[in-house]
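Colleague: Each chain is listed here by its residues.
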Amino acid sequence: MRMLFVMAASAALVLCGCGPSAPPSQTAKPRIALIMKSLANEFFLTMEKGARTHQAAHADQYELLANGIKDELDVGRQTQLVEQMIAQRVDAIVIAPADSKALVTACKKALDAGIVVVNIDNKFDDGVLADKGIQIPFVGPDNRKGARMVGEYVAKRLQAGDPVAIVEGVPTAFNAIQRKLGFEDALTAAGMKIVASQSAGWEMETANRAVSAMIMEHPELKAILCANDSMALGAVAALKAANKADSVLVAGFDNISAVHDLVKQGKVVATADQHADQLAVFGIEYALEMLVRKGAPADRETPVDLITAETIQP
Amino acid sequence: MTRYRWLADYVGLGLALAVLIGFFGLATNHFMSAGTFRNIANQIPEMMVVAAGMTFVLIIGGIDLSVGSVLAASGAVLGICLAQFHWPLPLAFLACLATGFVCGVANGVVSVAWRLPSFIVTLGMLEIARGAAYLLTHSQTQYIGRPVERLAEAHVFGLSLPFFAAVAVVLAGQAALSHTLFGRHALAVGANAEAARLSGIRVPAITIAVFALSGVLAAAAGAIQCARLGAADPNAGSGFELQAIAAAVIGGTSLMGGRGSIVKSFFGVLIIAVLGAGLFTLGAQESTKRIVTGGVIVAAVIFDYYRHRLEARA
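Sequence order for the protein chains is A and B. Counting along the first sequence from 1, when you hit position 165 you're at 165 in this note's numbering, and nothing is skipped either side. Counting along the second sequence from 1, when you hit position 186 you're at 186 in this note's numbering, and nothing is skipped either side.
Heads up, a few of these hints could be off.
Calculated cross-link-like contacts (lysine to any residue; reagent style SDA-like; alpha-carbon spacing at most 20 Å) [said to hold, decoys possible]: (1) Lys264(A) with Gln140(B); (2) Lys240(A) with Pro219(A); (3) Lys108(A) with Asp125(A); (4) Lys289(B) with Val195(A); (5) Lys193(A) with Gly283(B); (6) Lys264(A) with Gly145(B); (7) Lys193(A) with Lys240(A); (8) Lys244(A) with Gly131(B); (9) Lys222(A) with His275(A); (10) Lys156(A) with Ala190(A); (11) Lys109(A) with Val75(A); (12) Lys240(A) with Asn42(B); (13) Lys294(A) with Ala113(A); (14) Lys70(A) with Gly131(B); (15) Lys70(A) with Leu135(B); (16) Lys222(A) with Lys244(A); (17) Lys294(A) with Arg89(A); (18) Lys289(B) with Pro171(A); (19) Lys264(A) with His275(A); (20) Lys244(A) with Asn42(B); (21) Lys145(A) with Thr308(A); (22) Lys240(A) with Val156(B).
Stretch-level coverage of chain A by chain B, calculated; a stretch enters the list once three of its residues show a Cβ under 8 Å from a Cβ in chain B [what the hints assert, rightly or not]: (23) 107-115; (24) 231-239.
Bear in mind the hints are in silico, worked out from the structure with no lab data behind them. Keep in mind that this is a model prediction, so the values were computed, not measured. All residues carry an ideal CB built from backbone N, CA and C; glycine is no exception.
With the rest of the complex left out, here is chain A:
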């Protein structure tokens, strides 16, 4: 039965052209499972590519099994993935959980099976971890800090008391909440007036309609801070349609390729780069360390950089 699993796994690896075709059971290299959210999302796709590049460069050190789910919020499917990886007896699981609470139980099963678990991207809920009596290290950027950096840069270009607005991500997502808090930290500290803050569900078109309505209701707005770059693109289009492109600052988050030109032109004044291509790699490196070290796990913060017209790579 086990052999069947292994064969199926290696067949799958060969089919998607993503790994060595030698059956994993013949090697002593640790096998690391990377479990991500939607591979339809540019962010996770970049993350996966980074991991594959890293694996190719360190093929002698570990094997990689990368998997994603179709829908970013499909908790059930992701739980199944974790269970499959336990059944395949991987050595470590690096996971970007679709839900910060619902995936803890599945990961506890993995820990109980002696598998190293490293949490990336979306941090597990501390309360639930404590309740289960387990520790899972989080390796990733501080979204709140990144958003604060973006907020501070925008605030520097405004005057105290200026009215500003926030376009939030999906209200239930941990990183959406952190980014909103980070923006708020910076804006309130600089004495800005947040006159509107609402969700556009990470989407460009929704953000476009939201921002059109916001600038109509608050014509005095001086800046719009968006929790991701897609929504910033929607905001830029809305301002352009309202002939306000030059009087309202727009900021984003993630530094996706589609905003590079706009950042250079100053139409998006700032965005934050969490090094998406390195996020999974940081988790994998940490897992490799833990496999050797077997010590008590601690969280590790990864860098977030502020990207503006001055700092962007040509």
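Fit chain B to the given chain A structure using the hints.
Modeller: For chain B alone, coordinates are given in the frame of chain A:
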């Protein structure tokens, strides 16, 4: 009396619209302004053309769940032809429409050839077209900018070219439905496909034509959205199918087929658009927005039910 019965429908829809506009006008400071209505007019062309296509599909007793994905895939084709291949706009636009046409014809042919419910066939296309959009764009938002934005820029009284094009589509669609053989055949197929077949109507041809129309209109919507936002988003149009169906049903189109009006669906689009813009202007929370939008859709359908009972009695 019967001569004016059709007028009662428009009075009802107009009244609902007036109540919504009145409410948001009172609840916010700047909703009641030319700018707001210009924004709404420039934001709804996509929904107008997709709802027109959807109305035809519903009239023949089918359903097209793939429109949102087809919108994204066609938009992706447009984006790539312009931004990567640097094709001239008319050629890229044709490629975009062709994508929608192929998807629509595929929906129609598969439904007809294997006598499958269009619900399941177009559900399949929903996945296929979305996957194609991800594949074409490598899951990355394609920034297009100038080459496509000029499509949405041509302003008359602040209204964009796509708005006038969409009005033309609605009028042409209504004319085709009410005054052509095609329209009468479509209504007959929806009322009773078997009876239509026996009376010599080519049901398969009508079905394929209607799905092809829906696909082409979804592609046109994709192009319009790209023009408005200056970028092609592979996640564009998710959930769009449900909004289009809701708009058609609010306008009194029967989900059972055989009854519907393109112009009334346009009123349905207006109601949904005004509601959306109003809730954004109000700064309502995501939870409130969803509950209110759902409530209005159900209320509109209940209203429609009573109106029909009254008509039946009269």
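Colleague: Take the hints in turn and mark each one as holding or not.
Modeller: A quick look at each hint next to the structure:
no.	hint	result
1	Lys264(A) with Gln140(B)	holds, 19 Å
2	Lys240(A) with Pro219(A)	holds, 14 Å
3	Lys108(A) with Asp125(A)	holds, 13 Å
4	Lys289(B) with Val195(A)	holds, 18 Å
5	Lys193(A) with Gly283(B)	holds, 15 Å
6	Lys264(A) with Gly145(B)	holds, 14 Å
7	Lys193(A) with Lys240(A)	violated, 23 Å
8	Lys244(A) with Gly131(B)	violated, 36 Å
9	Lys222(A) with His275(A)	violated, 29 Å
10	Lys156(A) with Ala190(A)	holds, 8 Å
11	Lys109(A) with Val75(A)	holds, 16 Å
12	Lys240(A) with Asn42(B)	holds, 13 Å
13	Lys294(A) with Ala113(A)	holds, 15 Å
14	Lys70(A) with Gly131(B)	holds, 10 Å
15	Lys70(A) with Leu135(B)	holds, 14 Å
16	Lys222(A) with Lys244(A)	holds, 10 Å
17	Lys294(A) with Arg89(A)	holds, 18 Å
18	Lys289(B) with Pro171(A)	holds, 13 Å
19	Lys264(A) with His275(A)	holds, 19 Å
20	Lys244(A) with Asn42(B)	holds, 16 Å
21	Lys145(A) with Thr308(A)	holds, 16 Å
22	Lys240(A) with Val156(B)	holds, 16 Å
23	107-115	violated (count 0)
24	231-239	holds (count 4)
In the structure shown, a violation is registered for the earlier hints numbered 7, 8, 9, 23, in ascending order.
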